[in-house]
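Q: Quick note, the sequence shown lines up with residues 6 to 140 if you use my numbering.
Mixed in with the good hints there might be a few duds.
Cut-off 25 angstroms, straight-line C-alpha distance, at most; resulting in silico cross-link-like pairs (DSS-like, lysine-lysine) [unchecked claim]:
{"hint": "1", "residue 1": "K50", "residue 2": "K72"}
{"hint": "2", "residue 1": "K50", "residue 2": "K67"}
{"hint": "3", "residue 1": "K40", "residue 2": "K105"}
{"hint": "4", "residue 1": "K40", "residue 2": "K67"}
Cβ-Cβ distance ranges computed for the label pairs, FRET-style [to be verified]:
{"hint": "5", "residue 1": "G80", "residue 2": "K105", "range": "22 to 28 angstroms"}
{"hint": "6", "residue 1": "G56", "residue 2": "D104", "range": "34 to 40 angstroms"}
{"hint": "7", "residue 1": "P38", "residue 2": "P126", "range": "21 to 27 angstroms"}
{"hint": "8", "residue 1": "S93", "residue 2": "S125", "range": "16 to 22 angstroms"}
{"hint": "9", "residue 1": "V81", "residue 2": "E137", "range": "39 to 45 angstroms"}
If you're looking for bench data, these hints aren't it; they were derived computationally from the structure.
Nothing here was measured: the structure is a model prediction, and the numbers come from that model.
We put the CB at the ideal spot given by N, CA and C, even for glycine.
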Amino acid sequence: MKERAHGRIIGAIVAGLAATSLMATPARSAELPQKFVHHVYFWLKQPGDAGDRARLIDGLRKLAAVKTIRTHHIGVPAATDREVIDRSYAVSWMLTFDDKADQDAYQVDPIHLRFVDECSPLWERVVVYDSEAIE
Numbered sequence: 006m007k008e009r010a011h012g013r014i015i016g017a018i019v020a021g022l023a024a025t026s027l028m029a030t031p032a033r034s035a036e037l038p039q040k041f042v043h044h045v046y047f048w049l050k051q052p053g054d055a056g057d058r059a060r061l062i063d064g065l066r067k068l069a070a071v072k073t074i075r076t077h078h079i080g081v082p083a084a085t086d087r088e089v090i091d092r093s094y095a096v097s098w099m100l101t102f103d104d105k106a107d108q109d110a111y112q113v114d115p116i117h118l119r120f121v122d123e124c125s126p127l128w129e130r131v132v133v134y135d136s137e138a139i140e
């Protein structure tokens, strides 16, 4: 019985130390090393069609093979609900590039052109947000 109590005390001390060290650790923020972000939002013609959404996502996965892309992220609306959040899109596609020239090369890359040709019949609307890093 004495061992159990001792174990619980040790466990509480360890948990308290871990919590204290987490609270004392400042949040880290890291800038992307890439200087150009290309974020695309897609609205499908048939928003409820899981097959169309899967075809678009598959097309984006193939599109990730473009050599000038440094990082990419395929997403769907998160389960967040605040007044400022737009969850009306079906799929998002975020890319980073080293610079605008690499993004320009992506736009005319045969893989990108094939993606547009094959997948554009699926979407009704596309919105793009491009941003460059502040030096």
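Q: Run every hint past the structure and note whether it holds.
A: Checked hints:
| no. | hint | result |
| --- | --- | --- |
| 1 | K50 - K72 | violated, 30 angstroms |
| 2 | K50 - K67 | holds, 21 angstroms |
| 3 | K40 - K105 | holds, 8 angstroms |
| 4 | K40 - K67 | holds, 23 angstroms |
| 5 | G80 - K105: 22 to 28 angstroms | holds, 23 angstroms |
| 6 | G56 - D104: 34 to 40 angstroms | holds, 37 angstroms |
| 7 | P38 - P126: 21 to 27 angstroms | violated, 36 angstroms |
| 8 | S93 - S125: 16 to 22 angstroms | holds, 19 angstroms |
| 9 | V81 - E137: 39 to 45 angstroms | violated, 26 angstroms |
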